[in-house]
Amino acid sequence: MAAKFNQNDDSVVVIVGSGAGGGTLGNELAQKGINVVVLEAGERHEFSDFVNDEWASFTQLAWKDARTTSGSWRVAKNFPTLPAWIVKAVGGSTTHWAGASLRFQEHEFKTATSYGRIPGANLLDWPITLAELEPYYARAEEKMGVTRTGNRPGLPGNNNFKIMKAGADKLGYKECHTGNMAINSVERDDRNSCQQTGFCFQGCKWGAKWSTLYTEIPKGEATGKMEVRPQSHVAHIEHDASGKVTGVVYFDKDGKEQRQKARVVAVAGNSIESPRLLLNSASSKFQDGLANSSGQVGRNYMRHMTGSVYAVFDKPVHMYRGTTMAGIVRDESRLDPKRGFVGGYEMETLSLGLPFMAAFLDPGGWGREFTSAMDGYSDMAGMWLVGEDMPQETNRVTLSSVKDQYGLPVADVHFDDHANDIAMRDHAYKQGAALYDAVGATRSFPTPPYPSTHNLGTNRMSANARDGVVNKWGQTHDIKNLFVSDGSQFTSGGAENPTLTIVSLAIRQAEYIADQMKTKTI
Amino acid sequence: MSGDNGRHARRHEAVSRRAFLRRSSEISFAAAVTVTAGGALLNASEAWALDVKGLQPQTMKTLILVARDIYPHDKVPDRFYAIAMKSYDEKAAADPTTKTQIESFIASLDGAAGKGGYAGLGWESQRVALLRAVSNSPMFETIRSGLVVSLYNQPEVWPIFGYEGESYSKGGYIKRGFDDIDWI
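Top line first, the protein sequences correspond to chains A and B. Sequential numbering from 1 applies to the first sequence in this note's numbering. Sequential numbering from 523 applies to the second sequence in this note's numbering.
There may be inaccurate statements among the hints.
To be verified - To list a few chain A residues with every Cβ distance to chain B over 12 angstroms, as calculated: (1) Met-1; (2) Gln-7; (3) Asn-52; (4) Glu-106; (5) Arg-117; (6) Glu-134; (7) Glu-175; (8) Glu-238; (9) Arg-334; (10) Arg-368; (11) Asp-375; (12) Glu-511; (13) Lys-520.
What the hints assert, rightly or not - Pairwise CB distance ranges (calculated): (14) A:Asn-8 / B:Met-661: 53 to 61 angstroms; (15) B:Ser-657 / A:Thr-59: 22 to 30 angstroms; (16) B:Asp-702 / A:Thr-59: 31 to 39 angstroms; (17) A:Pro-135 / B:Asp-596: 58 to 66 angstroms; (18) B:Glu-663 / A:Glu-46: 32 to 40 angstroms.
Calculated directly from the structure, the hints in this document are not laboratory data. Glycine included, C-beta positions come from ideal geometry on N, C-alpha and C.
Generate the whole structure from the sequences, applying the supplied hints.
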């Protein structure tokens, strides 16, 4: 039975957000007997409510509240009010994510040491190492049922993967397989196995893909220690004279202001909303926003170096059939500065349905060049290129002059590519096109980055309070009972899809919070 | 387009239509596409042009041609472009300012085309040259960015491109060809 807590109950842990970070942290704390209230801005749609229709699903799940953009990135031109393609619903972006679950590499936890000085990049080593995180990675993989870990079989390869594999073999790539996916390859954890339906981004109607919506959240609720309040948009965090946080003010589904008291507050609203909340919580004591003595809140916004290559063949492919992210080439994820950039990138199959292909293949494009590409839709294969981008202080989330439906300043997302990002993208485009050429592509398209799905770094971890917002536990340097529990903690982005690392950090953070509560340190 | 695509087109036409009717109320872009539900499935652009409420018939006819010139697909019949542009007629009927904007956008294209107007130019490249000249205007961008959704989001158009749409109700593709590629 899900719990129901009094709003004046100041013994609860309040978590803002129910995605990979917040949903996992909530369940982990509830399993330890700690009372948790999860406030989620979006509605609760169960997986049977998902729709196999791109635009309809976007309307159902996406974060569409106002945001603004600035900077030289193409997203600011083509999608000025949609910097990110992420979710506003219970489960957060774990409803929408592809499922790729990769561990960071050792050197990616110490970029300042491994890469040396890169002009314009605000590189910093994480205050934790791969070795410290490994046990938590293993627990996250077990929780999420990641394929090709813990004796779980891989998923079968679809048409899009078969093309990728044939091309990878021709180019001499060694590590190409159907991925480490948090998608059931066999029935597990009372959930179906993958039925190769496609529409992974629209929410898995089989529940085969791990999402906190139908794993962590109901498990947490079943303890009687966790309450999830949907349509609860947190406006600001409150604190007392000593600087300790005491609760949050939020707007309920009717737009009415509510207040939930708390012993601990954990912010997990994704790397755009989390810094926005800290900045919007500025007070006379904390004039630059909460936990912002370093001035780093909102800075070092990373979105991964991304891009896609789609290629047309003279025979049918039907790439949209089956798992959206159905395979991976990992060879380019290594650190090898001889390629002209530091960091690495992954090549992962991707497909879009016809409506989204039209919107994203070449945003703003029209005429025969564009439509002849669309005419090749069923003969098309595709991959996403995702790699480490450089943290830059000037890439940042700030408060915009635009206000949302509650009168709160919205987030402005400013981004400029670093020269290293551009060099990596050019290399990735070339390799992606070469892979498809090797199996007979007649034409390929270097497709620009979509609105960001991997939003990272805006409340970063640092050993020293001067350099970042949170410590190695995601606890803010400035306020002991205020935590950050999402990808905004990342000190650097790595080449890998971030969810597995977010979940691993949340499991680890839950142990720390429970321990600190027990010893009455917080 | 291969023969394979043709087979999918026939197999899924009926299903797509049903799915569309069911879904149309859910999507925010319904205004642009619900006209198919009215049963008007005449093929000729003339018929669409005559069935106007806000715009001049000739304006609607030219607007449909502009839509095809922006996203030309030779295997997509006129009616889908008409459906995609129908919302402009409705907006024009409801709002005089919109009506003036659209009428004057088309009038300026006609003026630039000279005698015979935009629709009188025989080659697509001649018409596209006129569109390129106005491609930075807000009206062109409004039309293009609306069209990229209202044209490609019509489930009845999908089979023409070999896209099969919704698959959950059919059990996904696990037994329906997710790995059926035989030429690699």
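The hints, checked one at a time:
1. With a minimum CB-CB distance of about 31 angstroms to chain B, A:Met-1 clears the 12 angstroms threshold, and the non-interface call stands.
2. Every CB of chain B lies more than 12 angstroms from the CB of A:Gln-7, the least distance being 34 angstroms, so the non-interface label holds.
3. Its beta-carbon lying about 4 angstroms from the closest one in chain B, A:Asn-52 breaks the requirement of being farther than 12 angstroms from that chain.
4. Consistency note on A:Glu-106: stated as away from chain B, and its beta-carbon is indeed over 12 angstroms from all of that chain's, at 35 angstroms minimum.
5. Against the 12 angstroms criterion, A:Arg-117 stays outside the reach of chain B, whose nearest CB is about 42 angstroms from its own CB.
6. Annotated as non-interface, A:Glu-134 keeps its C-beta farther than 12 angstroms from every C-beta of chain B; the closest such distance is 34 angstroms.
7. Look at A:Glu-175: its CB is around 19 angstroms from the nearest CB on chain B, clear of 12 angstroms, so calling it non-interface holds up.
8. The beta carbon of A:Glu-238 is kept farther than 12 angstroms from every beta carbon of chain B, the shortest such distance being approximately 36 angstroms.
9. Chain B leaves A:Arg-334 outside its interface by the beta-carbon criterion, the shortest separation being 27 angstroms against a cut-off of 12 angstroms.
10. Distance to chain B contradicts A:Arg-368 as a non-interface residue, since its nearest Cβ pair spans about 6 angstroms, not more than 12 angstroms.
11. Residue-level check failed: A:Asp-375 sits 6 angstroms from the nearest beta carbon of chain B, not beyond 12 angstroms.
12. Annotated as non-interface, A:Glu-511 keeps its C-beta farther than 12 angstroms from every C-beta of chain B; the closest such distance is 38 angstroms.
13. Against the 12 angstroms criterion, A:Lys-520 stays outside the reach of chain B, whose nearest CB is about 50 angstroms from its own CB.
14. Checked against the hint of 53 to 61 angstroms, the pair A:Asn-8 and B:Met-661 passes, with Cβ atoms roughly 56 angstroms apart.
15. With their beta carbons about 28 angstroms apart, B:Ser-657 and A:Thr-59 fall inside the hinted range of 22 to 30 angstroms.
16. Checked against the hint of 31 to 39 angstroms, the C-beta distance between B:Asp-702 and A:Thr-59 comes to roughly 32 angstroms, which is consistent with it.
17. Checked against the hint of 58 to 66 angstroms, the C-beta distance between A:Pro-135 and B:Asp-596 comes to roughly 59 angstroms, which is consistent with it.
18. Between B:Glu-663 and A:Glu-46 the beta carbon distance is about 39 angstroms. The supplied range of 32 to 40 angstroms therefore holds.
Violated hints, in rising order: 3, 10 and 11; the structure is consistent with all others.
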